[in-house]
Structures are given as C-alpha cells and as structure tokens.
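Protein chains in written order, with our numbering: chain A, 1 to 75; chain B, 1 to 75; chain C, 1 to 75; chain D, 1 to 75; chain E, 1 to 75; chain F, 1 to 75; chain G, 1 to 75.
Quick caveat, the hints were computed from the structure, so don't treat them as lab data. Keep in mind it's a predicted model, so treat the numbers as computed, not measured. Be aware that one or more of the hints could be misleading.
[What the hints assert, rightly or not] Mimicking EDC-like on lysine to aspartate or glutamate, the simulated pairs with C-alpha atoms at most 20 Å apart in a straight line are:
id, chain 1, residue 1, chain 2, residue 2
1, B, K22, G, D65
2, D, K4, D, E14
3, A, K11, B, E3
4, A, K11, A, D44
5, E, K4, E, D35
6, D, K22, C, E26
7, G, K4, F, D7
8, E, K4, D, E14
9, B, K43, C, D7
10, C, K4, B, E15
11, C, K22, B, E46
12, E, K22, D, D65
13, C, K22, B, E3
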Amino acid sequence: MAEKPLDIIHKSIEEAVLIELKGGREFRGTLKGYDIHMNLVLKDAEELVNGEVVRNFGYVVIRGDSVVLISPNIR
Amino acid sequence: MAEKPLDIIHKSIEEAVLIELKGGREFRGTLKGYDIHMNLVLKDAEELVNGEVVRNFGYVVIRGDSVVLISPNIR
Amino acid sequence: MAEKPLDIIHKSIEEAVLIELKGGREFRGTLKGYDIHMNLVLKDAEELVNGEVVRNFGYVVIRGDSVVLISPNIR
Amino acid sequence: MAEKPLDIIHKSIEEAVLIELKGGREFRGTLKGYDIHMNLVLKDAEELVNGEVVRNFGYVVIRGDSVVLISPNIR
Amino acid sequence: MAEKPLDIIHKSIEEAVLIELKGGREFRGTLKGYDIHMNLVLKDAEELVNGEVVRNFGYVVIRGDSVVLISPNIR
Amino acid sequence: MAEKPLDIIHKSIEEAVLIELKGGREFRGTLKGYDIHMNLVLKDAEELVNGEVVRNFGYVVIRGDSVVLISPNIR
Amino acid sequence: MAEKPLDIIHKSIEEAVLIELKGGREFRGTLKGYDIHMNLVLKDAEELVNGEVVRNFGYVVIRGDSVVLISPNIR
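Whole structure, please, built from the sequences with the hints as guidance.
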C-alpha cells in the first residue's frame, strides 16, 4: 500500500496541517494526535471560512466522521 | 499516535469544554464523562445558537454521532 | 471515563427525560429502558415541536440513530 | 436496562403499532415480526401522510434504517 | 421474533414484489434473490415514478442501503 | 437465497452493465471486477446525465457506498 | 472477483489518478498510497471545480468516506 494514509498523518505530528471538514470549513493548526478513525487533535488552531479566520482554539478534537481531507506540509 | 483524541477528552473531565454539533449548534459546560463513541456527558450546560444562550441543561448526554468538535480549555 | 453516558441514562430510568431528535423534534416522558445503541423507551410521552405538544404516546420506542441528546432531571 | 427497546417491540407482536419513518411518513398495521436491526414486518398496513391514508399493504417489510420510532398500543 | 423480516423476503422469491427506495422511487418485478444486507435481485422489473413506468430492467440488483420497504404479494 | 445479489454481479464480469449512483448519475461500461462492499471496476465506461454522455473513462473504480443499482445485460 | 477494486487502485500507485468526491469536487494528482477504507494519499495534487484548478496541495490525505470514484490512467 506504499505510503498508507495513516502513516502520512503520523509523520505530520507536530507539523502544521490543513484540515477540511464536510460543508467546506477549514482548520489550520499543529497536529498533536490522531487515531484510526481519523479523529484528530490540533493545537493553536484557527478555523477559516472562505479563507477568513473566524475562530481560534487552543486545543480542538475534530471527529474523523466530519473530516474530508488533511493536507500536511511535507513535500 | 502522540496525544490521542480520547486522551485529550479524558484530560478534560471536570473542565469546561465547548462542543459543536452538526448543523452548527454549540454547547458549553463541564465535561463529566465520555465513551469511545464520543458520546459525551455535560453538566451545567448551555446551548448556544449564533453565540446566544438559548437553553440550559442540568445534565445532558450528547450522542457522538452528532459531534463535530470538542475544544477543551487546556493549553 | 468518569460518568459514562450510558450510566447517566441508566440512572434516569423511571425519571422524566427530555429527548431531542435530528431535525429538532423533542420528546418528554418517563424513561423506561434503553440499549447500547441508545434506542430508548419512553412512557407517557409527549412530542413537542417549537415547544408545543403535538402528539401523545402511551409507549414509544425511539431509534438511537435519530437521537441527538438526552437530558435527565438529575442534578 | 429495565424494559429494553426490543422487548417492548417483541411484546407488540400481533398488536397494532404506529411506525414513523424518516421524512415524517407513518405506517399503521399489525406487527408480525422484527429483527435486531429493527427491520419490521407489518400486516394489513396503511401508510399515512399528514394523517391521510395514501396506500394499503397486505404485508410490508420496513428497513430499520428508515425507522424513527415505533409506538405500540400497550400501556 | 415471530415472522422475521428476512423470512418474509425469502418466502417472496419468484413472487411479484414492490420495492420502495429512498427518495420515493419504486420498482416492481419478480424477486429472484436477496442477501442479509437486503440487497435485492429483481427480474423483469419496471421503475415507477409517481405511478408511471419510466424504465424497464431485465435484471437489476438494488443495494439494500437504498431500500425503504419491500411489499410482497402474500396475504 | 436463490440468486444472491453478488452472484448476479459475478456473472456479469466482462459484460456490459448499467450502474446508477446516488443523485441519479449513471455509468455504462464493461464490468471488470467488484468486491463484497459492491465497489465496482468498469472499463471503457461512459458517464451519463439525463441520458447524455458527459464523460468517458478508460478505467474507473466506483465506491459501493455511492451505488444504488446495477443492471446487467443477462435475461 | 476478477480485477478487484483495491487491486486496480494498487496498480495505480505512482500513477496519475482522477478522484471524484461527494458533491462533485475533483482532485488530480499522483497516487502515493491507500488503505482498505479507500482513504487515499495524493502528491502534487490539484483540486478542480467545474474543470478549473482552484487549489494545489503538495500532499493530501482524502478520507474514503468522501470518495465517489477513482479513475486511474491504465487502459
């Protein structure tokens, strides 16, 4: 399976990530953790709607069920 | 998996949390319990719509299936 | 897990509860039973839409899949 | 778990029941059977929309996935 | 469980059935097979929208996930 | 279970099939493979919207979760 | 099962693929990995809406739950 999705997520721990949820909302922050359901933990996160920051979170747990995509900064 | 989502939730027991549900509703209250489905128990909770308190609950059990995110007050 | 969601529900047996379903409908009645899927049994239940009673049920089984929250009267 | 949801359904076999589906449609008929997914079998059933009978079924199997609530005639 | 839903479906093999899908579409045809997910096989099937035949199928496999109800011709 | 749904799909390998997805989109092509989730592989497939070909695919894997029905050409 | 869906995906590793998500969004990029839930990893990906590139991603993990179809470039 080459580079498994969860391995890519694992490598992104402590890195900046972009998370997109169903309905088009986005979160940017430092990935602190995850589990096999793709539930995610972000630190120092900001929520963006249409590219504008609308809220800040010190810590936020996002349910995997709501997640559409995760983009890490690795290249 | 670094800081697992359920560990973050566990650490927030007896702390103030913000819960967001599908459809944009929010609840604030003291987290009293949870389970692996992310079903949550809040005490002295208030429901907010567009930032306004619309209802108060002594105790409320929220089904994990409806939860989008949980933000604890830890930093 | 402190106070597990199903334990809170269990403690509410024979007590008055408020149930909210997806779509915003509410039921009030005496909780008679439940199972691990959060399927619920209410007795002498009334359904409310926008706070108005629209129907009464002697007994009603509500599928957990439709449930958003359960608020018992314990404090 | 006191009166389990499936026990209440079991006790309603051969009794008149009201079934409500997602989207607000209702069925009334004699409950002939069920399974653990809450798939249901009704006999001599009528479908109601806004309280009006719109169709009759000799036998009908309803998928549990569509069911919101079941109200038996026991009190 | 008296007459289990899948038993009723099993008895309807080679019989005419009415299938209703989510969104209100209907299929009529001869039931040729099924499985535990309520995936169904119909032969010589017609699709109806608002009671009008809109399409014919020699054979069609319908995913159980889309099925709301199945009405066999047994009485 | 007479003619099981997956057996009908299996018999359609290398045959022309019509696939309908949620939302009413259709695909026609040669069925090359499937799995128990009803994920499907089509070759030389065309996508149709309202009966008009809108796209062509050399190979396409369709997730079973999106599939409503599969109609093979066997009679 | 002839050419299983996941085998087709496996053969597309390091190849250009087109991914379509629920709601009609598309991604094009190099497939780097996948898992049995059809979670996918794309590299050098572009997101298209109505055929126009709207965003670029160095790496992106797409949740299988959002995926409708995957079209590899093999013929």
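Cross-check of the supplied hints:
1. B/K22 - G/D65: This hinted pair holds, its Cα atoms lying about 17 Å apart.
2. D/K4 - D/E14: holds (19 Å)
3. A/K11 - B/E3: At roughly 14 Å apart (the allowed maximum being 20 Å), B/E3 and A/K11 satisfy the hint.
4. A/K11 - A/D44: holds (19 Å)
5. E/K4 - E/D35: holds (14 Å)
6. D/K22 - C/E26: holds (15 Å)
7. G/K4 - F/D7: holds (15 Å)
8. E/K4 - D/E14: holds (13 Å)
9. B/K43 - C/D7: Holds, because 14 Å separates the two Cα atoms, which is no more than 20 Å.
10. C/K4 - B/E15: holds (16 Å)
11. C/K22 - B/E46: holds (19 Å)
12. E/K22 - D/D65: Since the Cα atoms of E/K22 and D/D65 sit roughly 11 Å apart, the hinted pair holds (cutoff 20 Å).
13. C/K22 - B/E3: Violated - the C-alpha atoms of B/E3 and C/K22 are around 32 Å apart, more than 20 Å.
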